[in-house]
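S.K.: Protein chains in written order, with our numbering: chain Z, 3 to 86; chain E, 1420 to 1612.
The hints are simulated quantities; they were obtained by calculation from the structure and are not laboratory data.
Model, not experiment: these values are computed from the prediction.
Treat the hints with care, as some may be off.
[Said to hold, decoys possible] Taking lysine-lysine and the DSSO-like style, the derived pairs with C-alpha atoms no more than 30 Å apart in a straight line are:
1) K83(Z) / K1573(E)
2) K1573(E) / K7(Z)
3) K1573(E) / K9(Z)
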Amino acid sequence: MEALKCKDVIVEFLADYLDQALPPEMTREVEAHLRACAACMAYLNTYRRTRDLIGRHAAQIAMPDEMQDILRRFMLEQMVKKNP
Amino acid sequence: MERHAARAYRVAFGITRNSADAEEVVQDAFLALYQKADAFEGRAALSTWLYRVVTNAALMKRRGRRHEVEVSLEAQLPRFGEDGSRAGDMSVLTADWSQNPEADLLSRETREMLSRAIDALPDAYQTVLVLRDVEGLSNEEVAEIVGESVAAVKSRLHRARMALREALTRHLGPHERSSWVWEWGKRLGLWKR
């Protein structure tokens, strides 16, 4: 099999590699390329960190307290309507 | 039910990037939910339905608000040479900011930049990113919610992440040098391929 190029690793296999969803042989091919290519290794690390930062960034999004109270009241009203 | 509300709000805000719009979307979704509550056979069906209603309503709000033309995603993706190797300044290509101090990565400036970059993604890409990387849903669940194939979801997610990685690299990594440095190093075989 021809050795993988940067484009193959980054565009085709990176996401599945991180999800551990590649067959063992392909995983070995990707890892061989990563060991030899500093640019792709940096890409892998920063791609993984990007995914992590997206999640952490979003974890700070919380429903405002006032909105929670409105929804809570709304839910109670609906329950009372259904079961008077 | 409060857990559902919190999730619905995160998705609505993730797509609209506006708290007033997100609140309206969630309220409308819960009103619809109570009107149709008897139609759901299980929690999974309800959860998927709620995500779908919130996603669609949030996209409508977002489309109504957006005035600027979306930046082409192609321009935000990594570039490759004809031989399949990375193209660009090697100091940028090998820049690994993943180990930068947490204070840098989580600074207000970085968070605002990331938020703007997420907002600039085309709708279909942003939606998949929010459902997958923010909500942690599986590719299959996201495919069901957005009505696309799993392959399309995976492709959009990867492209969205790549675009955001480029934006973060421009923000956190070294500044690009002139292309002659890259060409010169390539000719001398300095860059490992």
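S.K.: Each hint needs a verdict: does it hold in this structure or not?
M.R.: Hint check results:
1. K83(Z) / K1573(E): At roughly 43 Å apart (the allowed maximum being 30 Å), K1573(E) and K83(Z) break the hint.
2. K1573(E) / K7(Z): holds, 21 Å
3. K1573(E) / K9(Z): holds, 17 Å
The structure does not agree with numbered hint 1 stated previously, though it agrees with all others.
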